Structures are given as structure tokens and as C-alpha cells.
Amino acid sequence: MNLTEKARQMLARNLPLEDALPTEMPTYVNSVAYLFGAATLAALAMLIVTGGILTLFGPGWHHVSDVGRFVDALHFWSAQAFFASLAAHMATKFFQAAWRHNRWKTWVLGLLTFGVAVFAGLTGYLSQTNFDSQWASVQAKDAMNSVGLGRFFNTMNLGQVLTLHVAVLPAIIVLLVGLHLFFVRRDGPVLPIGERDEQAH
Amino acid sequence: MSKRTEEYLSGVPMKRYDLLREILIVLAVIAVIVIVLASVLGSPDYPTVRAEDVANLQPIAYLQTSATILAGNSSIQHYGPPYTADRDNAQHLFRQAPANWFGVSIPLDPAQDFILKPLARVSILDENVTGALKTYQAASTDQQQAWLSAYLAALDNATAVDGQVQIPSGDYGPVSTMMDSMLALGRAGLLEGALDSNVRQPFESDFTQSLLFFQDNVVASAAEKLDLTSDQWGILHETGNYPGAWWLFPFAFLYHVPPMNNSSNADIQAIFIISMVFLFLLFLPVVPIFNRLPRWLGVYKLIWRDWYSRKKPPGGGEA
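Those protein sequences? They're chains A and B, same order as listed. So that you can map any letter, position 23 of the first sequence is 139 in our numbering, and since no number is skipped, the others follow by simple counting. So that you can map any letter, position 39 of the second sequence is 422 in our numbering, and since no number is skipped, the others follow by simple counting.
Quick caveat, the hints were computed from the structure, so don't treat them as lab data. Remember, predicted model here, so these are calculated numbers, not experimental data. Hints should not be assumed to be uniformly reliable.
List time: in silico DSS-like cross-link candidates among lysine-lysine, alpha-carbon distance up to 27 Å [what the hints assert, rightly or not]: (1) A:122 to B:386; (2) B:386 to A:221; (3) A:122 to A:221; (4) B:684 to A:221; (5) B:684 to B:398; (6) B:517 to B:500; (7) B:386 to B:398.
A few chain B residues facing chain A, derived, Cβ under 8 Å [said to hold, decoys possible]: (8) 391; (9) 400; (10) 420; (11) 428; (12) 429; (13) 485; (14) 489; (15) 595; (16) 651; (17) 654; (18) 656; (19) 678; (20) 682; (21) 683; (22) 689.
Covered stretches of chain B, as calculated for chain A (at least 3 residues, CB under 8 Å) [what the hints assert, rightly or not]: (23) 435–443; (24) 606–612.
Just so it is clear, CB atoms sit at the ideal spot from N, CA and C, and this is done for glycine as well.
With these hints in hand, go ahead and build the complete structure from the sequences.
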């Protein structure tokens with residue numbers, strides 16, 4: 117069995133370039149509601165770039181450097197933009213019942229991304245090394261401990277928190293978003309409610 | 384176009400579209416918004432509460448914290464897993480206490496780890512501390528508690544003038560000397576280092592002990608002044624009125640309604656409920672009735688209004 121050939125056939129079958137990078141779109145895709153997903157992606161890109169710069173200079177950089185402080189502010193507002201876009205994206209997809217026509221995988225992957233992003237946000241708070249982190253770390257420990265997660269995740273261990281925030285959780289998010297986009301582009305935008313409802317589920 | 388897409392979109396009119404252009408425009412808009420907000424508003428960076436600051440600015444609170452921990456009355460002393468072996472204090476739900484399943488992974492004895500061990504290090508520099516520690520450790524538990532009770536009661540009437548703490552005289556045994564030494568350790572800015580140092584010195588990235596030291600009163604008091612406590616919906620905003628994790632509003636809300644608002648198991652109860660909600664949303668596509676909710680709400684008509692305006696509307700929203 118030639119794995120490369122199998123992979124190529126799978127991609128050709130599921131995601132030809134015409135679908136991955138479309139130059140035409142159904143006319144019902146005509147609302148600002150369709151932009152929130154792209155906005156979430158854009159904010160995620162901003163988070164990765166600004167987070168990457170902060171990572172290069174270390175967790176204390178933004179306390180002592182004006183440039184660092186500005187990059188930290190960019191990262192902070194990118195996170196706000198990310199969650200705002202994501203909330204709008206999730207809400208519009210709910211109102212569209214976008215899981216119809218066998219698109220439940222896209223819905224599930226989106227929600228899982230949100231779940232992981234919440235943990236990424238928490239570890240971000242804990243990584244700020246300011247009073248918000250100091251307070252959040254001792255508060256969040258009780259929630260983690262209550263369900264036994266404290267055994268595996270210590271909110272007061274900056275080494276663990278930072279590693280999760282800059283490596284593990286972003287990698288999981290990028291993976292989930294990648295899979296989400298694969299299904300988005302493979303299946304195309306769901307038809308408006310009322311169109312072919314007999315195949316809706 | 385794949386066969387799948389072709390079949391799905393058969394009969395649907397198409398329009399010209401430029402995916403990359405759209406993404407780049409959205410990226411530019413988001414970037415401008417973020418840059419403007421970052422330039423104008425900056426980001427929260429309220430300084431931490433340091434032992435040095437507490438020792439200098441609130442020496443009585445510092446001494447109360449230290450003596451309370453030594454007396455075994457800190458909230459961590461009998462916290463339960465992952466810090467101590469007291470199984471009765473772990474939060475439970477449906478008679479299950481998940482914290483107890485995994486046992487003690489971060490063993491802590493606050494009286495020993497937060498007070499006596501740091502003082503043992505100081506004793507190398509100060510013979511008075513050496514003697515005080517010997518006297519304290521040679522005394523019975525009742526005697527130790529009697530000294531600490533008297534000392535803590537006296538602190539209620541203590542005054543701080545120019546940073547010097549005046550405590551009414553009394554029988555505090557070696558506790559006075561020990562607490563003075565703790566205060567000096569804080570003022571020297573060495574308390575956190577003494578607490579967090581480990582066998583891997585000089586490498587350290589775990590600040591469990593120094594973060595727990597002041598959590599019960601000093602840090603909690605500062606958080607209250609900064610509107611950060613749970614009662615103040617602190618999870619939703621950061622210091623300086625910056626937005627916080629507002630996306631956790633449903634989770635924060637649970638702490639304000641029964642039974643969580645008056646429960647010693649509030650965390651596990653809130654996490655259980657929010658986990659169930661998350662699972663419900665995850666399986667929403669296959670939950671009868673609820674998966675038809677968007678049709679009844681009708682917001683989709685707004686999103687696809689152009690499409691429906693060109694076609695016959697779907698039978699009164701119940702297509």
C-alpha cells in the first residue's frame with residue numbers, strides 16, 4: 117500500500133483545490149454573518165504572531181519594556197477580538213442550524229476549539245505575572261482541585277502554565293481549527309433552512 | 384469542484400468569489416481594531432502583591448498571616464488533596480470527591496514549609512533565631528499554641544509606627560523572635576525565594592508556596608479593593624476595568640445562584656453543570672426538539688434574507 121498515493125487520493129476526493137480555494141460561492145452566502153469565522157481566524161493569527169514575539173522575549177518582558185508592553189497589549193486585545201469573533205461565529209452558526217446536512221463534525225470541532233480556547237485563555241491570564249495572575253492562580257486552583265485536575269495541572273506552577281499556554285494548547289487549537297476548516301471547505305456552506313429539508317439530518 | 388460539492392450545490396446559482404481577498408480584508412480590519420485598542424487602551428498590568436511590600440506597608444497583617452500559618456490555621460493546613468491528606472475537606476458531588484481519587488501530589492505542611500523551614504535557613508545568619516526555634520520545637524503542642532494564641536491576640540492591639548510594630552508585652556515564648564525574623568525576611572525581599580527554592584536550585588518555575596502564603600487575607604483583601612472577587616464578578620474583568628474572561632459569564636453566573644452561592648462544593652457543582660451544558664451543546668445536532676430551535680427562533684431569515692427575498696419564503700418559518 118502506497119500511503120502517499122492513498123493520501124493524495126483522499127485529498128483529491130475530499131478537498132480538490134477548487135474547494136480548498138474557491139473562486140465561486142453559492143449566492144446565499146451573502147451576509148455579514150459569514151465573516152465571523154474569518155474574523156476568528158484573523159484574530160487567531162494575530163494571537164499567534166503577537167504571542168510568538170512575547171515568547172521570544174520571555175514572560176517578564178512586557179513589565180520592563182515599552183515595546184514589550186505594546187506587544188502585550190496587542191496580544192490582550194487579539195484575545196478579546198478572538199473570543200468576540202468566536203462568540204459571534206458560534207451564535208450565527210447556531211441560528212443557521214449549520215449542523216444540518218451531515219455537518220455535525222464541523223459543529224463539534226468548533227465547540228471543542230472553544231473549549232480548548234477557554235483553557236488557553238485561563239493559562240494566558242496566569243502567565244501575565246501581574247496581580248491578575250496572582251489572584252487568578254489561587255482562585256482557579258480550587259476549581260481545578262475540586263474535580264481532581266489539580267493532580268495534573270497546578271495553576272501556580274508558572275513553568276507548566278506557560279508551556280501549556282505557548283505550546284500545547286495553541287498546537288491543539290491549530291489542529292482543531294485545521295480539521296474544522298477541512299470539513300468547512302470539503303462540505304461547503306450549508307444550504308439555507310427550508311432548502312432540501314428532507315435531507316437536513 | 385468535487386463531486387460531493389457539485390451534487391450538494393446542484394441547482395444553486397453561484398457568484399464570483401475571492402476567498403483569499405476576503406480573508407486578507409478581514410485580517411486587515413481585525414489588525415486595525417486591535418492596534419487601535421492596544422495603542423489607546425494598553426493592557427492591564429497591575430503589580431503583584433510582594434512579601435516585601437506587605438512587610439513594609441502592612442507589617443501587622445504580615446505578622447498575623449505568619450502566626451496564623453504557624454498555628455496551623457491557614458486554609459491550606461487541612462485543605463486535602465492535592466496538598467494534604469485530609470480527605471474530608473475535598474469538594475464532593477453525588478458522594479464522590481474526585482480530588483481524593485488522585486491523592487496528595489503537591490505535599491504541603493504550611494506550618495513547616497511556610498514558616499519553620501524558612502526560619503531554619505535564617506537561623507544560620509541569626510543565632511537568636513536558632514535558639515528560638517530550638518525552644519519552640521522542644522515545647523509541647525499545647526505550649527506552642529498558647530504562645531501563638533497570646534501573640535495573635537496581642538497583634539489585634541498592636542500598632543505600627545514608621546514601620547515599627549509595637550506589640551503589647553506578654554508571654555509569647557520564642558514566637559516573638561521567630562515572627563520578627565519572618566518580618567525581616569519579608570522586608571529583605573527574600574521570603575518568596577525561601578519559600579519557592581527547591582532541590583533544583585537555582586532553577587525554579589513553581590511558585591505554589593509563595594502564591595499560597597498571602598492568599599487567605601492580604602491578596603484576597605487587595606482583590607476585593609480591585610473588584611476582582613467572585614462576588615464582584617471578578618472573572619469577567621481585569622484590574623483597571625479592562626475586559627476579562629467575559630466568555631465565562633455562564634460559568635461565573637452559576638456561582639451567584641443556589642445552591643452554588645452558598646455551598647462548600649460550589650466549584651465542583653458549577654463545573655458539573657457547565658460541563659453538562661457543554662456536552663448538551665456538543666450533541667445539539669442530534670438532540671430532538673432542541674436541534675429545531677433555530678427554525679423557531681427565525682434569526683436565519685435575517686441571515687439569508689436576500690436568498691428568501693428572491694424565492695418563495697419557507698412555509699412560514701417551518702420549512
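Evaluation of the provided hints:
As the CA atoms of residue 122 of chain A and residue 386 of chain B are separated by approximately 18 Å, the hinted pair is consistent with the 27 Å bound. A C-alpha spacing of about 20 Å is found between residue 386 of chain B and residue 221 of chain A, which places the hinted pair at or below 27 Å, so the restraint holds. Taking the CA atoms of residue 122 of chain A and residue 221 of chain A, the gap is near 22 Å; set against the 27 Å cutoff, the hint holds. Between residue 684 of chain B and residue 221 of chain A the CA atoms are separated by roughly 24 Å; this keeps the pair inside 27 Å, and the hint holds.
Between residue 684 of chain B and residue 398 of chain B, the direct Cα distance comes to roughly 20 Å. Compliance with the 27 Å bound is thereby established for this hinted pair. Restraint check: the Cα-Cα separation between residue 517 of chain B and residue 500 of chain B comes to about 13 Å, which is no more than 27 Å; the hinted pair holds. Using a Cα cut-off of 27 Å, the hinted pair residue 386 of chain B and residue 398 of chain B holds, with the two alpha carbons roughly 19 Å apart. At about 6 Å, the closest approach between the beta carbon of residue 391 of chain B and any beta carbon in chain A falls short of 8 Å, and the interface hint on this residue holds.
Residue-level restraint check for residue 400 of chain B holds (minimum Cβ-Cβ distance to chain A is 4 Å; threshold 8 Å). Residue-level restraint check for residue 420 of chain B holds (minimum Cβ-Cβ distance to chain A is 4 Å; threshold 8 Å). At about 5 Å, the closest approach between the beta carbon of residue 428 of chain B and any beta carbon in chain A falls short of 8 Å, and the interface hint on this residue holds. The beta carbon of residue 429 of chain B comes within 4 Å of a beta carbon in chain A, closer than 8 Å, and the hint placing it at the interface holds.
The criterion of a C-beta within 8 Å of any C-beta in chain A is met by residue 485 of chain B, whose closest approach is roughly 4 Å, and the hint holds. The interface hint given for residue 489 of chain B is met, as the beta carbon of that residue sits about 6 Å from the closest beta carbon of chain A, less than 8 Å. With 8 Å as the threshold, the beta carbon of residue 595 of chain B comes within range of chain A, its nearest partner Cβ sitting at about 7 Å, so the hint holds. Satisfaction of the interface hint for residue 651 of chain B is found here, the shortest Cβ-Cβ separation to chain A being roughly 4 Å, below the 8 Å cut-off.
Evaluation of the residue 654 of chain B hint against chain A yields a held restraint, the C-beta minimum of about 5 Å falling below 8 Å. This hint is violated: residue 656 of chain B has a C-beta 12 Å from the nearest C-beta of chain A, more than the 8 Å allowed. With a cut of 8 Å, the hint placing residue 678 of chain B at the interface with chain A holds, because the nearest CB-to-CB distance is about 6 Å. Nearest Cβ of chain A to the Cβ of residue 682 of chain B: about 4 Å, under the 8 Å cut. The hint holds.
Because the closest C-beta pair between residue 683 of chain B and chain A is about 5 Å apart, less than 8 Å, the hint holds. Of the supplied interface hints, the one on residue 689 of chain B holds, with its beta-carbon coming within about 5 Å of a beta-carbon of chain A, less than 8 Å. Using a Cβ-Cβ cut-off of 8 Å, 0 residues of the region 435–443 of chain B lie near chain A, which falls short of the minimum of three, so the contact claim is violated. Counting residues of the region 606–612 of chain B whose CB lies closer than 8 Å to any CB of chain A gives 3, which reaches the minimum of 3, so the coverage claim holds.
Against the hints set out earlier in the document, violations occur for numbers 18 and 23.
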